[in-house]
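Participant: Listed below, chain by chain, are the residues.
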Amino acid sequence: MKENSIKKHKSRWIFLVLVIILYLILALVNFSLVKESFLTFLNLLKKIFPIFFVVLFFMFISGLFFNAKKITKSLGKDAGIKGWLISIIGGILSDGPLYMWYPLLLELREHGMRDAFIVAFFYNRAVKISLLPMMIYYFGLSFVIVLTFYMILFSIINGVLVEKFLKVRHKD
Amino acid sequence: MFKMELLRVKKSFIKTLESLKQILPMILGIILLVALFITAVPESFYNSIFVGNKILDPLLGAIIGSIAIGQPITSYIIGGELLDHGVSLIAVVAFILAWVSVGTIQLPAESMVFGKRFAIVRNSTSFVSALIIAILVTLTLSFL
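These protein sequence lines map, in sequence, to chains V and S. For what it's worth, our numbering labels the leading residue of the first sequence as 1, then goes sequentially. For what it's worth, our numbering labels the leading residue of the second sequence as 1, then goes sequentially.
One chain only, chain V, in its complex shape (with noise of 0.2 Å):
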């Protein structure tokens, strides 16, 4: 177990160094793109530097007010509606990059969050409320009632069919 997880641990370093290695490998063909790129991974970080504290306190919060049991009640294999509500509004309200919300669902997860609660959370953050006036703008107010409408909707058929999926793939 001990083992599995300094693996783990090493194969994330190992990305970010292999990332590295191909910014230097581009600065030796392209250098003007590779300055640019890290201009814009500043600024990315700049942007996304204030999300990353409301999810670590999200995570803060989470670790000290809910047990495994507690998740598990709410998010967990027996949560029914309830779950599937609180995976699609999260989705919907939680804001930055998907992947800045990676470690509180995998902590969540940990603590007994089904798998479809996880993937309808991830599809419901293609539903933001705040870019809402920018698509009606773009689109038309029926073209975002009807999208959005078929979004919530195939979040939660993605989800049963992701766990399905990967049920029956632990049963073979």
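Calculated from the structure, these hints are not laboratory results. Remember, predicted model here, so these are calculated numbers, not experimental data. One or more hints might be untrue.
As the list claims (entries may be wrong) - Restricting the straight-line Cα-Cα distance to at most 30 Å, the calculated cross-link-like pairs of lysine-lysine (BS3-like) are:
hint, chain 1, residue 1, chain 2, residue 2
1, S, Lys3, S, Lys21
2, V, Lys82, V, Lys128
3, S, Lys21, V, Lys46
4, V, Lys70, S, Lys54
5, S, Lys10, S, Lys21
6, S, Lys116, V, Lys47
Fit chain S to the known structure of chain V by using the hints.
Facilitator: Just chain S, lined up with the frame of chain V:
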């Protein structure tokens, strides 16, 4: 009682820091990749891809949307521009949906965190859903 509460806060704080330590290298890696992609692929590139074919364009939209990365708002702007340039609504919807729900660039990171099978199945179903929703949205709007 107070001491116990303090211990609980401390435990949760240490656990959060541990998680941060574990996830930070991967998040930095993804942001570096995203930055490289945003810089290397200009927004005008998307305009030149669509060929005007009713079947091929939605598929191209979903494929390009899956590879592209950035804020959802960028996909709306590009989508709006594509519509103005005569690209079909199905292709634009498939493009926007794949952009926000499929993450090819984040796939290695998602695999490391949630498992390879989870990441592949989730992204595949999201890709197929993007195409189905694109058809459904266009059909529904044609009846309204």
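Participant: Is S:Lys116 close enough to V:Lys47, meaning Cα to Cα at most 30 Å?
Facilitator: holds, 29 Å
Participant: Keeping to a limit of 30 Å between CA atoms, is the pair of V:Lys70 and S:Lys54 held or broken?
Facilitator: Violated. V:Lys70 to S:Lys54 sits at ~50 Å, over the 30 Å cutoff.
Participant: Is the straight-line distance between the alpha-carbon of S:Lys3 and that of S:Lys21 30 Å or less?
Facilitator: holds, 27 Å
Participant: Is the hinted pair V:Lys82 and V:Lys128 satisfied, with a Cα-Cα distance of at most 30 Å?
Facilitator: Holds, at roughly 21 Å.
Participant: When you check the alpha-carbon spacing of S:Lys10 and S:Lys21, does it fall within 30 Å?
Facilitator: Satisfied, since the Cα-Cα distance of roughly 16 Å is no more than 30 Å.
Participant: Please verify whether S:Lys21 and V:Lys46 have alpha carbons no more than 30 Å apart.
Facilitator: holds, 19 Å
The structure is inconsistent with hint 4 alone, although it conforms to all the rest.
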